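*Asks:* Here is how the chains run, residue by residue.
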Amino acid sequence: MRKKERPLNRLKIFILTGLLAVILFVLLVSSIGKNRDFGPWQKVGVELFAPIQKGSVFIQRGIADFWHDYIYLIGVQKENRSLRKEIERLRSKNNEYREALIANIRLKKLLNFKETVPLPLLSAEVVGYDPTVWFKTMIINRGSDDGLQRGMAAISADGVVGQTISVSPHYAKVLLITDRNSAVDVIVQRSRVRGVLKGESGGVCSLDYVGIRDDVKPGDIVISSGVGGIFPKGLPVGRVIKAKSSRPGLFQDIEVVPCVNISDIEEVLVVLEKSSIMEQ
Amino acid sequence: MFFLFLLGCVLLILETTLFYHLPLWKLKIDGLLLLIIYVSLYLNGIQSGLLIFSLGILVDTFAGSALGMHVLVYALLFLLVKVISRNLVIKNIYYQMATIFSVSFLANLGLLVLDLVFMDGVIRWYQIGMVFLQSLLTSLLSPIFFICYDYFDRLFGLREAHEVSR
Chain A
1 MRKKERPLNR
11 LKIFILTGLL
21 AVILFVLLVS
31 SIGKNRDFGP
41 WQKVGVELFA
51 PIQKGSVFIQ
61 RGIADFWHDY
71 IYLIGVQKEN
81 RSLRKEIERL
91 RSKNNEYREA
101 LIANIRLKKL
111 LNFKETVPLP
121 LLSAEVVGYD
131 PTVWFKTMII
141 NRGSDDGLQR
151 GMAAISADGV
161 VGQTISVSPH
171 YAKVLLITDR
181 NSAVDVIVQR
191 SRVRGVLKGE
201 SGGVCSLDYV
211 GIRDDVKPGD
221 IVISSGVGGI
231 FPKGLPVGRV
241 IKAKSSRPGL
251 FQDIEVVPCV
261 NISDIEEVLV
271 VLEKSSIMEQ
Chain B
1 MFFLFLLGCV
11 LLILETTLFY
21 HLPLWKLKID
31 GLLLLIIYVS
41 LYLNGIQSGL
51 LIFSLGILVD
61 TFAGSALGMH
71 VLVYALLFLL
81 VKVISRNLVI
91 KNIYYQMATI
101 FSVSFLANLG
111 LLVLDLVFMD
121 GVIRWYQIGM
131 VFLQSLLTSL
141 LSPIFFICYD
151 YFDRLFGLRE
161 AHEVSR
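Which chain is which? The protein sequence lines are A and B, in order.
Residue numbering for the first sequence is 1 to 280, as defined by my numbering.
Residue numbering for the second sequence is 1 to 166, as defined by my numbering.
The shape of chain B in the complex, shown without the other chains:
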């Protein structure tokens, strides 16, 4: 599990430096959110929850101004994905992308709403559009990221270890 945390740290560094300068209009490559979804989909146990919690705190450290916002959203996301994966079979890549789009949309919207609630602001229409586009980008990139995560997962035998422990 530690390697996944390290992977999360590497992704965060990339997102705060290299990915920031990519010409994607206002959108960003959110590999970290995809890692959270991957962990929620395929890994189990308290360790996964702890990993998501620690990654959430890490993101809160570097992003935004309120500590705890990402932790809360990631924890809810973890539960939501667990519920979805227990009731639906998400093996097909298209189902996977659709699921990722939905949960990513909810996560981004959640972050936006939480921030607006804390700051007593108003939601503007273009922000909803940005949530949509950001989620679309995340879901489109998900196969590439999931292949990488899967590779690391097999390399370190994490999923098998969890399946055995279950």
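Next up, chain A with everything else stripped away, as it sits in the complex:
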């Protein structure tokens, strides 16, 4: 049987609860707007619990780190390896594309040039260079089967390269304008002074037979004169880098650097038409 509650006890509970509520309310009202530092008991509590919290967080973080750094990353090394391979493949591909782009630019330039020159031209690729220090020749992949003959001009979009000196059915040897055995009849574009451009071993050419009173200055462009029957008239050959008339004698000492960067040349155009002088 349930014990019957007395009315006095009930009243006590109500009074106590009400009193507690009032105290809490007073505390709450009194704390609003004042500084919020820990009280002495709060401080004790915090000091006691915080180390435990700290330990707990340390363990929790340790577990989380272990999960993320090891267990979760088991497949990462494998992924890393495959990504490295992918980077290598893409790099190689990128290199191929870059090379193709450069070749495209070069060939487009050559094609544009081919369209502007009103002569039958045949493109050829350089397959080999002269093995010696003293001579400047190159082998191209076109020969007599393609219509090439001895004494045909080899040019590029930048200017004159040289002339064919030996021809086999599929290949030909080109004597470069920088070879000492090469001589090209030229005109200085600005002053129309004539001269003969001869190769020198150092990769530059000398412009010979230009009189000491003739007007030639560094920076002048030298073009082919068309005389000699090998090179068409008006093609750029080189640029004057030195012109001195101090040497005793009749002629100036002139150095010309070729317009074409001969050491880097990869394709040339061969002029298939020979002039009547050459045929004679």
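Keep in mind the hints are simulated off the structure, nothing from the lab.
It is possible that some hints are incorrect.
One side of the interface only, derived from the structure: several residues of chain B facing chain A at Cβ under 8 Å [as the list claims (entries may be wrong)]:
(1) L12
(2) E15
(3) T16
(4) T17
(5) L18
(6) Y20
(7) L27
(8) K28
(9) V59
(10) F62
(11) G64
(12) L111
(13) L112
(14) Y126
(15) M130
(16) Q134
As the structure is a prediction and not an experimental result, all values here were calculated from the model.
Note that the Cβ used here is the ideal one computed from N, Cα and C, for glycine as well.
Since the structure of chain A is already known, use the hints to place chain B on it.
*Replies:* Chain B in isolation, oriented as in the chain A frame:
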């Protein structure tokens, strides 16, 4: 001997393609000249002479504009090296390098002079400097090339065959 000719062909291909792009200023690795000197130093007989002649023609085909220049220079080089090797003992690597430098200098100078004579040109001072530097490079590289040639030589037993025939 045929393998040496093949080796010469390989060297020529390398020199006209790969070695051409090496950043050695204006100088070139002349493994073929070193092969000629090696053959002249260590091998004997008519076959060696024929080998040098054929290699000379091959070089003339790919280099320069006058056929016969390299053949002549290589033939003279062959005789010169034979004379030197019969009168001097060239066993030490330093003597070997000095000999190679001298003959390489003479060969390069010979080529230069022949070309200038044919073309009625003038020798410039920097060309002599280039001959010197080219010969120096050739002699400095000679130990490496000679080790390779020696290896092939032993592999095919050429030198022994010649020593027996002598």
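*Asks:* With reference to the structure, classify each hint as holding or not holding.
*Replies:* A quick look at each hint next to the structure:
Hint status for L12(B): holds, given a least beta-carbon distance of 6 Å to chain A, under 8 Å. Taking 8 Å as the C-beta cut-off, the interface hint given for E15(B) holds, the closest approach to chain A being about 4 Å. Proximity of T16(B) to chain A holds as hinted, the smallest CB-CB distance being about 4 Å (cut-off 8 Å). Taking 8 Å as the C-beta contact cut-off toward chain A, the hint placing T17(B) at the interface holds, the least distance being around 6 Å.
Given the 8 Å rule on beta carbons, the hint for L18(B) is violated: about 10 Å separates it from the nearest Cβ of chain A. A distance limit of 8 Å between C-beta atoms decides the matter here; for Y20(B) the minimum to chain A is near 4 Å, and the interface restraint holds. The interface hint given for L27(B) is met, as the beta carbon of that residue sits about 7 Å from the closest beta carbon of chain A, less than 8 Å. A distance limit of 8 Å between C-beta atoms decides the matter here; for K28(B) the minimum to chain A is near 5 Å, and the interface restraint holds.
Proximity of V59(B) to chain A holds as hinted, the smallest CB-CB distance being about 7 Å (cut-off 8 Å). At about 6 Å, the closest approach between the beta carbon of F62(B) and any beta carbon in chain A falls short of 8 Å, and the interface hint on this residue holds. Residue-level restraint check for G64(B) holds (minimum Cβ-Cβ distance to chain A is 4 Å; threshold 8 Å). With its C-beta approaching chain A no nearer than about 6 Å, L111(B) sits inside the 8 Å limit, and its interface hint holds.
The restraint placing L112(B) at the interface with chain A holds, with a minimum CB-CB distance near 6 Å, inside the 8 Å limit. Hint status for Y126(B) relative to chain A: holds, with the closest Cβ pair at about 7 Å, below 8 Å. About 6 Å separates the beta-carbon of M130(B) from the nearest beta-carbon of chain A, less than 8 Å, and the hint is met. Interface restraint check for Q134(B): the shortest CB-CB distance to chain A comes to about 5 Å, inside 8 Å, so the restraint holds.
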